[in-house]
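Colleague: Chain A is already provided as a structure; the job is to place chains B, C and D on it using the hints.
Number of protein chains: 4
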Amino acid sequence: MSGNSFGTLFKITTWGESHGLGIGVVIDGCPPQIPLNEKIIQNMLDRRKPGGSVASTSRKEPDEAIIMSGVFNGVTTGTPVMIMIKNKDPHSDAYKKYADIFRPGHGDISYHAKYGTRDWRGGGRASARETVARVAAGAVAKALLDKENISICAYTVELGCIKAIERNLDVVSKNMFFCPDNDAAVDMEKRVKEVKSKGDSLGGIVEIVAKGVPAGLGEPVFDKLDADLAKALMSIGAVKGIEIGAGFKAPLLLGSENNDPITPEGFSTNNAGGILAGISNGDNIIIRVAVKPIPSISIEQNTIDMSKKERTISISGRHDISAIPRINVVCESMVSLVLADHLLRQRALR
Amino acid sequence: MSGNSFGTLFKITTWGESHGLGIGVVIDGCPPQIPLNEKIIQNMLDRRKPGGSVASTSRKEPDEAIIMSGVFNGVTTGTPVMIMIKNKDPHSDAYKKYADIFRPGHGDISYHAKYGTRDWRGGGRASARETVARVAAGAVAKALLDKENISICAYTVELGCIKAIERNLDVVSKNMFFCPDNDAAVDMEKRVKEVKSKGDSLGGIVEIVAKGVPAGLGEPVFDKLDADLAKALMSIGAVKGIEIGAGFKAPLLLGSENNDPITPEGFSTNNAGGILAGISNGDNIIIRVAVKPIPSISIEQNTIDMSKKERTISISGRHDISAIPRINVVCESMVSLVLADHLLRQRALR
Amino acid sequence: MSGNSFGTLFKITTWGESHGLGIGVVIDGCPPQIPLNEKIIQNMLDRRKPGGSVASTSRKEPDEAIIMSGVFNGVTTGTPVMIMIKNKDPHSDAYKKYADIFRPGHGDISYHAKYGTRDWRGGGRASARETVARVAAGAVAKALLDKENISICAYTVELGCIKAIERNLDVVSKNMFFCPDNDAAVDMEKRVKEVKSKGDSLGGIVEIVAKGVPAGLGEPVFDKLDADLAKALMSIGAVKGIEIGAGFKAPLLLGSENNDPITPEGFSTNNAGGILAGISNGDNIIIRVAVKPIPSISIEQNTIDMSKKERTISISGRHDISAIPRINVVCESMVSLVLADHLLRQRALR
Amino acid sequence: MSGNSFGTLFKITTWGESHGLGIGVVIDGCPPQIPLNEKIIQNMLDRRKPGGSVASTSRKEPDEAIIMSGVFNGVTTGTPVMIMIKNKDPHSDAYKKYADIFRPGHGDISYHAKYGTRDWRGGGRASARETVARVAAGAVAKALLDKENISICAYTVELGCIKAIERNLDVVSKNMFFCPDNDAAVDMEKRVKEVKSKGDSLGGIVEIVAKGVPAGLGEPVFDKLDADLAKALMSIGAVKGIEIGAGFKAPLLLGSENNDPITPEGFSTNNAGGILAGISNGDNIIIRVAVKPIPSISIEQNTIDMSKKERTISISGRHDISAIPRINVVCESMVSLVLADHLLRQRALR
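Protein chains in written order, with the working numbering: chain A, 790 to 1139; chain B, 790 to 1139; chain C, 790 to 1139; chain D, 790 to 1139.
Isolated chain A, as found in the complex (with noise of 0.2 Å):
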């Protein structure tokens, strides 16, 4: 129980349903004299909305944020944040065919065995819409590591079996899919209208970069930055792998190879992603994540219900083809909080 909170002195701790009265997060933590609002807040939000793409679901969320604590006079307080969003367009009705049925690739059949019951509108707590209060948070942690220089970006670097060639961060906000290739962005988009008349669904690899992290960051040997880099982003629900640096092409090369070499001017390479020993060394952090296609797709699957009876299921409601490119804002939101945690741990050291 009470895996809900994430962080040791940036700590966040998110609440809520994807067909309840809301989704929010308290930030306890978060140093006074930051400025922030709700504007501030709103345009990240504004990036994981759907609609945004043709990749997403047709529900029409607003998404507002509303500051309801630890902010006066346009600064925080020191005290704790808590960013409510209320749910506006749940359509529960839509689920309630599913409500014994365990869909495949979802999480009916686990929380069902975990706790004995669950709210089974639109997935309830196990719904991609709690990301919604992780952005929200990852927000306020960015505007923390703003002060620091701190800037992070995600992107798409493969959907549906493309893959983005180019690594141009300028064309990433030019493009529905926060590609940095112009040229696969636009065959990603052809690719996802192709499978969506399937009915089918996409995944992809997602890269997040770090740049301007100090040398310092990170605590042996349990919460090394890269650890708990990797469990931030593994626990978004459609992430399916993590690496750092060089990742899976590591043990192809010789240790020759994948060793950074060290001048005065910093690292000739960076085969280490920025961390070394678990502790950031002041060059890029980069992170690849692997996002699996939607489990809610309208061809028919074998499952079984309740009663363990053998049962198919088509699933027609309201959702994205692609948890890319609404994921990416998540990811960038996950790793901002954990630098934003690091940052004040290390600040403790001093």
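Because the hints were derived from the structure by calculation, they are not lab data. Don't take every hint at face value.
One copy or two, either will do: identical chains are not told apart, so a pair holds if it fits within one copy or between any two.
[Stated by the list, open to error] Below 27 Å or equal to it, Euclidean Cα-Cα: the simulated BS3-like pairs (lysine-lysine) are:
hint	residue 1	residue 2
1	952	1000
2	1038	979
3	828	877
4	1038	982
5	885	987
6	885	849
7	877	987
8	952	1038
9	885	1098
10	1000	1097
11	828	875
12	875	982
13	1098	1000
14	1038	987
15	982	936
Modeller: Just chains B, C and D now, kept in the frame of chain A:
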């Protein structure tokens, strides 16, 4: 600071440096009346001991575990179990020449940035030797899991670009690389010898399978079972990537291919790797970790010293050519620790 | 930072300021299938509401609890329960005149030292109004304890030097001071009126008894049951002292007098207050807390302002004359939270 | 379970039993570059050692501290500091006769209820001997606080009904009871001898003052500085009550008497005990703890055994007549640990 603890209820705290007086672990939260003695721990430690394969260091450490507390009349009492392993064969002098140089691929430079000081003897706290404490704790976790018929096994599926084709777990303990494919193990040995003769090093991939895990372990939304596993494994020094189930293959699949159909007898496939929405689903849990090549190589490398002057370094001390296979039992231990912790967390629910 | 959470498994995180949009609590770790609705919470909140006695403020707060998440079909789901109470009647303008003055006995000066900024409206986060969140959470803890036949009752044993002689728990709810001695309650009312007319304030002593607590709750050596109770109660703003069982009388006894003899039927006396070596022994748990007089008084006091200049202050806002009896249900709630948490921790042992 | 850790950033985890191989503590989170050696720790331990006064046991324990990790070249490295004290003179046989009996006033009966098993040798983990680890950790905390000119002193203000009238801290180290009143100390010695001759035991009151604590330490709302101090001190076995500042006298005062007037030079009085709204206000922090009489007495007592049969017991082993004065340095250590932790937590804010 204070990142040397792991777990919520089955909680461990490790201490010690490579060349200090010893290494150890306090296990706080082990239930009472679990049969435990030094032999149970020693059996696990022996699997990590140097000298088991051509890939490992010539450092001679008997790695004898002493149970200092928490066990009375052959069973745990519920109070902290402290297990200590003294360092017997450090040879610190061999490291003196590197005291002011940052070894590429090592934590020397990041530790220095973090603390402004560091114990340079054998890598200090950043040495892979710290994992001896993880294995000692893992042995205790395994003793607890045994009672629930949960078993965990780690094996080598890739080493120096040699892939295991078979997954015959019966042969894992029969070759020096803990490889489930005896033919591949023969090729791995050749590869290791070849690279060793050149003063270089290798990486690989370890797969871990946990069988008998009941459905329902894992906590939404941050302490998901896979999130905690990812952190646990990424906290091992040499690990640069983690994947669960289909992992980085999942983005290549359609939703209709990736979803595991559910039948009254269980799941037809296991792309989920035994975890849905962060909670175990009763199927085998399957994880793979990418292990980077050992950074200590005798081939000359470019680096800098503490005064930021250019230097070259050729590391001639005693070290492994590859973290595999000694890392395997460390992976097994970390997975055991996560499962033991979540098992206790789930008990509190009932 | 991040001190707004309490508990290990039954964990709460509170947020909100006296004059912000509202106050609330996230309860993370409540087991599933506990019957819960707003009425259960409201009943507890009503006992804390202003206006119940001559000692309390004229601020009109309906204190209506809204369950925002974690409850479905009348029972908890195992996911976070967020309970929110909106602020309806703040009157912040009344506090503007104190915005740059440090009120004696209040946290104004220490908050300013800590954060360099503060929400001066009604005391902000330091206001006793934050306890509304504790009581909402306490109601949920009580719902859990009810199932185990554990009951907790707090009552006034001293107010403004008037001591309750009797301990008749049946009359506690029958007088406005929640006093187990009706005659003393009459004297307390007189005393309160007299002091109120002089613009001064009063303190007192609250006793809390927990019945039906099974032996075995509490964790050696730091998370002892009495240690966690002491923290829980001392964290309430007005509390300046805690004693368990014989408490400050214990130093006056000989060991032969203080030890509680054990018989097959239980303990002959209860100087231990139901706790031995930090673990419940099955007897009633008995605690007393010293409550200081309310610091807001209309009598003129010497103080300084933010520029360190001498000032006088006479506080004429709406406040209680005494934290008792409104604090009683807060004490009851904090004890309930500790017991619920340790109950779950003990379950994990089995 | 897992209640053997204390602190958030300056975090300690203790292990060991009275008659096991040893007792120790892992300090995780001590900043780097703090001068530390075994002599610093030994000086604190020597103040806790048996044999210092007529009130203490005849058990001969040299209590030699060994620093096992975390210190290199005379300073802390930022990694865990493990300090171990071996048990040299246990005499476990003397306890065999009590193996199946519950000693009144001891944790035997509650440990048995909790764990279903217990290490009966010298009280096992419940022995006051566990406090040796607290003192070793306290010495490290003090080394950190010294750098900030924060000093902590504990002294006896009451023993066996003999009260110290004076508060002359200069004489505290000059009499065997660490009493700030030499005349009272003479009376205390008489009282102890008298009670000792009757086979009975005594309790008393210890006062702790912390000077030089900067304003701003402590976290709203649960991790208040006084709340954490209350937990820290109540977690010491023999403590049954805690009061801060005016404490249990506060309920006897009017608000106008209890409030500490603020002047440009500081507070005119210190009823708050240096803490307002849970945050240090810059004044001296003053705490008193009620210490119960030692439960081990040779006078015959009624009790039961593990089969619930009536028994009598007369405890003839080696034990103190009073926990005071050996407990004083334990109190001092716990206060030091809390302050060190909150000092680091506050640093993270800036």
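Colleague: Is it within, between, both, or neither for residue 1000 and residue 1097, if the alpha carbons may be no more than 27 Å apart?
Modeller: For residue 1000 and residue 1097, only the inter-copy Cα distance (22 Å) is at most 27 Å; the intra-copy one is 50 Å.
Colleague: Checking an output row: residue 1038 and residue 982, CA cutoff 27 Å. Within, between, both or neither?
Modeller: Cα proximity of residue 1038 and residue 982: across copies only (22 Å, versus 32 Å in one copy).
Colleague: Please sort residue 1098 with residue 1000 into within, between, both or neither, judging by C-alpha distance up to 27 Å.
Modeller: between (52 Å within a copy, 25 Å between copies)
Colleague: Within, between, both or neither: how does the pair residue 1038, residue 987 come out at a Cα-Cα threshold of 27 Å?
Modeller: between (34 Å within a copy, 21 Å between copies)
Colleague: One pair to classify: residue 885 and residue 1098, alpha carbons no more than 27 Å apart. Within, between, both, or neither?
Modeller: within (18 Å within a copy, 60 Å between copies)
Colleague: Pop the pair residue 952 and residue 1000 into one bin, within, between, both or neither, using alpha-carbon distances up to 27 Å.
Modeller: Close inside one copy (23 Å), not across copies (35 Å); limit 27 Å.
Colleague: Between residue 982 and residue 936, at a C-alpha cutoff of 27 Å, which is it: within one copy, between copies, both, or neither?
Modeller: Intra 41 Å, inter 51 Å, cutoff 27 Å: neither.
Colleague: With identical chains, the pair residue 875 and residue 982 could be close in the same copy or across copies; at 27 Å between alpha carbons, which is it: within, between, both, or neither?
Modeller: neither (31 Å within a copy, 46 Å between copies)
Colleague: With identical chains, the pair residue 885 and residue 849 could be close in the same copy or across copies; at 27 Å between alpha carbons, which is it: within, between, both, or neither?
Modeller: Result: close within a single copy only, 20 Å intra versus 42 Å inter.
Colleague: Evaluate residue 952 and residue 1038 at a C-alpha cut-off of 27 Å and name the case that applies: within, between, both or neither.
Modeller: This pair counts as both: shortest intra-copy Cα distance 16 Å, inter-copy 14 Å.
Colleague: Given a CA cutoff of 27 Å, do residue 885 and residue 987 count as a within-copy pair, a between-copy pair, both, or neither?
Modeller: Within. Shortest intra-copy distance 24 Å satisfies the 27 Å Cα cut-off; inter-copy 63 Å does not.
Colleague: Treating 27 Å as the Cα threshold, decide for residue 828 and residue 877: within, between, both or neither.
Modeller: Both ways: residue 828 and residue 877 sit 19 Å apart in one copy and 25 Å across, limit 27 Å.
Hint compliance for this structure: hints 7, 12 and 15 are broken, all remaining hints hold.
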